[in-house]
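Colleague: For reference, the chains in residue letters:
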Amino acid sequence: MATESHKARTGAECVIEGIERAGVKTVFGLPGGAVLDIFARLYHAPFEFILSRHEQGATHMADGYARATGKVGCCIVTSGPGATNTVTGLATANMDGIPLVCITGQVPLNMIGNDAFQEADTVGITRAVTKHNFLVRNVDDLPRIMAEAFHIASTGKPGPVVIDVPKDIQRASTKVPPPKAVCLRGYKPVLDGHPKQIARLAEAINRSQRPIFYVGGGVIAGDASAELTALARKAMIPVTTTLMGLGAFPETDPLSLRMLGMHGSVAANMAVSHCDLLVSIGARFDDRVTGKISEFAPRAIKAHIDIDPSAIDKSVQTDIPVVGHVKRVLRCLLEMVEPRQRTEWLDQVSKWRDKHPFTYNRKTSDMLPQYVIEQVYEISGGNAIIVTDVGQHQMWAAHFYKYTKPRTFLSSGGLGTMGFGLPAAIGAQAARRDALVVVLAGDGSIQMNFQEMVVAVEHRLPVKVVILNNGYLGMVRQWQEMFYKREYSMSRLGLTHRTPVEHISPPPGHTYLPDFVKLAEAHGALGLRVTEKKDAPKTLRKALETDGPVVVDCVVKSDENVYPMVPPGASLMEMVQSMA
Amino acid sequence: MMKHVITAIVENQPGVLARIVGLISGRGFNIETLNVAPTQDPTISRLTIKVPGDDRVLEQVTKQLNKLVDVIKVSDLTQKNYLNRELILVEVAAPSSKRSEIIELANLFDAKVVSVQRNSLTIQMVGEQENIDDFLALLKPFQILDVSRSGVIAVARGEQAGGRS
Numbered sequence: 069m070a071t072e073s074h075k076a077r078t079g080a081e082c083v084i085e086g087i088e089r090a091g092v093k094t095v096f097g098l099p100g101g102a103v104l105d106i107f108a109r110l111y112h113a114p115f116e117f118i119l120s121r122h123e124q125g126a127t128h129m130a131d132g133y134a135r136a137t138g139k140v141g142c143c144i145v146t147s148g149p150g151a152t153n154t155v156t157g158l159a160t161a162n163m164d165g166i167p168l169v170c171i172t173g174q175v176p177l178n179m180i181g182n183d184a185f186q187e188a189d190t191v192g193i194t195r196a197v198t199k200h201n202f203l204v205r206n207v208d209d210l211p212r213i214m215a216e217a218f219h220i221a222s223t224g225k226p227g228p229v230v231i232d233v234p235k236d237i238q239r240a241s242t243k244v245p246p247p248k249a250v251c252l253r254g255y256k257p258v259l260d261g262h263p264k265q266i267a268r269l270a271e272a273i274n275r276s277q278r279p280i281f282y283v284g285g286g287v288i289a290g291d292a293s294a295e296l297t298a299l300a301r302k303a304m305i306p307v308t309t310t311l312m313g314l315g316a317f318p319e320t321d322p323l324s325l326r327m328l329g330m331h332g333s334v335a336a337n338m339a340v341s342h343c344d345l346l347v348s349i350g351a352r353f354d355d356r357v358t359g360k361i362s363e364f365a366p367r368a369i370k371a372h373i374d375i376d377p378s379a380i381d382k383s384v385q386t387d388i389p390v391v392g393h394v395k396r397v398l399r400c401l402l403e404m405v406e407p408r409q410r411t412e413w414l415d416q417v418s419k420w421r422d423k424h425p426f427t428y429n430r431k432t433s434d435m436l437p438q439y440v441i442e443q444v445y446e447i448s449g450g451n452a453i454i455v456t457d458v459g460q461h462q463m464w465a466a467h468f469y470k471y472t473k474p475r476t477f478l479s480s481g482g483l484g485t486m487g488f489g490l491p492a493a494i495g496a497q498a499a500r501r502d503a504l505v506v507v508l509a510g511d512g513s514i515q516m517n518f519q520e521m522v523v524a525v526e527h528r529l530p531v532k533v534v535i536l537n538n539g540y541l542g543m544v545r546q547w548q549e550m551f552y553k554r555e556y557s558m559s560r561l562g563l564t565h566r567t568p569v570e571h572i573s574p575p576p577g578h579t580y581l582p583d584f585v586k587l588a589e590a591h592g593a594l595g596l597r598v599t600e601k602k603d604a605p606k607t608l609r610k611a612l613e614t615d616g617p618v619v620v621d622c623v624v625k626s627d628e629n630v631y632p633m634v635p636p637g638a639s640l641m642e643m644v645q646s647m648a
Numbered sequence: 031m032m033k034h035v036i037t038a039i040v041e042n043q044p045g046v047l048a049r050i051v052g053l054i055s056g057r058g059f060n061i062e063t064l065n066v067a068p069t070q071d072p073t074i075s076r077l078t079i080k081v082p083g084d085d086r087v088l089e090q091v092t093k094q095l096n097k098l099v100d101v102i103k104v105s106d107l108t109q110k111n112y113l114n115r116e117l118i119l120v121e122v123a124a125p126s127s128k129r130s131e132i133i134e135l136a137n138l139f140d141a142k143v144v145s146v147q148r149n150s151l152t153i154q155m156v157g158e159q160e161n162i163d164d165f166l167a168l169l170k171p172f173q174i175l176d177v178s179r180s181g182v183i184a185v186a187r188g189e190q191a192g193g194r195s
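First to last, the sequence lines map onto chains Y and U. My numbering puts the first residue of the first sequence at 69, with every later residue one more than the last. My numbering puts the first residue of the second sequence at 31, with every later residue one more than the last.
Check each hint, because a few of them may be wrong.
Unchecked claim - Capping the alpha-carbon separation at 30 Å, the derived lysine-lysine pairs in DSS-like fashion look like this: (1) U/Lys103 x Y/Lys256; (2) U/Lys93 x Y/Lys139; (3) U/Lys170 x Y/Lys382; (4) U/Lys93 x Y/Lys395; (5) U/Lys103 x Y/Lys395; (6) U/Lys110 x Y/Lys264; (7) Y/Lys248 x U/Lys103; (8) U/Lys110 x Y/Lys256; (9) U/Lys103 x Y/Lys264; (10) Y/Lys360 x U/Lys93; (11) U/Lys93 x Y/Lys264; (12) Y/Lys382 x U/Lys128; (13) U/Lys93 x Y/Lys256; (14) U/Lys110 x Y/Lys382; (15) Y/Lys382 x U/Lys142.
It is worth saying that the hints were derived from the structure and are not from the lab. Bear in mind the structure is a predicted one, so any value in this text is a computation, not a measurement.
One chain only, chain Y, in its complex shape (with noise of 0.2 Å):
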């Protein structure tokens, strides 16, 4: 394979060069002594590098750049506790369908197995966590293996790809030039959608007298909101999205009912529950979106587009499967279904949706969480990324913030990684220096990566992080009270009201710890704090418009819940609108 005319590289070098054939214009990442080799061939490369502070920090970093761009995102780590430090940001970006290249140094070949210094196991470890991970072996298999990993990541359902580079093969040098295309014959993604089953896909969509799309984070992935949106329209299909799938339909479009599952709208649960034609579009049926299976559109032809093929059947038997590029199904969908009006089944969806939008209590004097997000969408025109960390925040921020455009809503859906939210946020702001990024978090997920704040601030990275602080983590808080007999054991994190059996009384002389605005402070980011509601507006509009990285800690009402509620195993025509 080797032409004589390819000049020699050592294995550090093919890293570098496989990055920057992938067009990656920033890699995130952290150095450590077996990945010094590529860390040295940085000084002069051609692409940007942002250094985390953990490498956790750099993996989410690198997926934020991914969501909010589309492209792969890259991050280069050290061995062994560098490369465990990224088992939950690459299992983040796996269960979510995220295209990453993480490379991970490791230790020379011969020292593999011996227990050497920062020896892990790494492609063991990350082997359930990862689409593949490759580790390296011979430095002439390098630059394949580099072109073969971006273009996992980037194809098929997207994921996140390692490849573990021993010391002695980064320092080994090769003639074997980058493939020209990459040929694997165990992995050939299917595109094109059977013509059989679209055409009964859209032979039901014309006869159906009520029919949903059930819309998920494919739909974003597979750059296919243009056509969805003009389907939609066409057909006059009332849309409703999962967390992952929020901004691939405008939400501001009178067909569209928001999201929908356990803290789903009530529009979106009825018309699922009684819709004669349901069609996931790149989705997967996940057991917070249906509720109960056996009463999931239970009267509904099931239909599901998906480019995965294990996707299908996996929880619910569908009726009319179809595997194929999103983009490319609905383009065939579009020429063949029948312009409708639908009048009665829209009247009935408009109805469920003005009868019961999310909604809280706008009149309390209390700061409520609600309105701070409001608040935030007000103020940024509805134009921000926004960025969400895992827990009620992540529900309110869905409920709250009205998303018309996709990869404007960042979060971790499937493994619902607290701590995600900042770090991702640098990395989308890395890569949309021009864009608002907000970060939606709460007390308890800001604090699992406050750390990276200083790389916000030393890149110039100028996002806003608006913490809602209500003192508790606090959708373990709404477990406990809802099914939990309100035993609120270890979900407290404020000063009083703590657990008996830690056996704490309030540490004299704080009144908040952490205290957040401190945080930023010797972060060096801008702090500030609201306590009260009238006060959230003006502060508010400071942060968002402040030059520079800003942490807001908004002091909210403790005991907010979020609503509607699917309780877990129940179906979705069960929802709770509040406490009794």
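Once you have looked at the hints, place chain U on chain Y.
Modeller: Relative to the frame of chain Y, chain U by itself:
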């Protein structure tokens, strides 16, 4: 529970077996037998796995296996016309008074005595798993001292030649 015989054509590379076994065991299935060896193309191996589980779950496992980058093709042979064979070596207690009876039994099953010890016989048998199970059941009263089973290997009948029946 239904026993499934799954064969997979995979890249003959380090780590592939771990990936497949990890995927199956990670979902809580117990692999009953597993066999792997290179094919006529040395870059490709064929794997035969016998795993108990209901049809729907195994269909999902098959799809997940197909998704692996190093897996070229997977088929669940259970519903197909296929050939299966297993090889066993069994050592059975054989005092002189029982010896001829055991040899007679082995002959009935086309099994072969491959080693004779003072008080035992070692017998080799190749056959369909059902026959092997029957043979071992009949040997049991004589006291089986040791047994090594290769696990099942299987191929679909005539699939490569396009002569599927």
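Colleague: Against each hint, give a clear statement of whether it holds in the structure.
Modeller: Hints versus structure:
{"no.": "1", "hint": "U/Lys103 x Y/Lys256", "in the structure": "11 Å, holds"}
{"no.": "2", "hint": "U/Lys93 x Y/Lys139", "in the structure": "27 Å, holds"}
{"no.": "3", "hint": "U/Lys170 x Y/Lys382", "in the structure": "43 Å, violated"}
{"no.": "4", "hint": "U/Lys93 x Y/Lys395", "in the structure": "23 Å, holds"}
{"no.": "5", "hint": "U/Lys103 x Y/Lys395", "in the structure": "27 Å, holds"}
{"no.": "6", "hint": "U/Lys110 x Y/Lys264", "in the structure": "25 Å, holds"}
{"no.": "7", "hint": "Y/Lys248 x U/Lys103", "in the structure": "25 Å, holds"}
{"no.": "8", "hint": "U/Lys110 x Y/Lys256", "in the structure": "25 Å, holds"}
{"no.": "9", "hint": "U/Lys103 x Y/Lys264", "in the structure": "24 Å, holds"}
{"no.": "10", "hint": "Y/Lys360 x U/Lys93", "in the structure": "24 Å, holds"}
{"no.": "11", "hint": "U/Lys93 x Y/Lys264", "in the structure": "21 Å, holds"}
{"no.": "12", "hint": "Y/Lys382 x U/Lys128", "in the structure": "55 Å, violated"}
{"no.": "13", "hint": "U/Lys93 x Y/Lys256", "in the structure": "14 Å, holds"}
{"no.": "14", "hint": "U/Lys110 x Y/Lys382", "in the structure": "23 Å, holds"}
{"no.": "15", "hint": "Y/Lys382 x U/Lys142", "in the structure": "47 Å, violated"}
Checked against the numbered hints listed earlier, the structure breaks hints 3, 12, 15; every other hint is satisfied.
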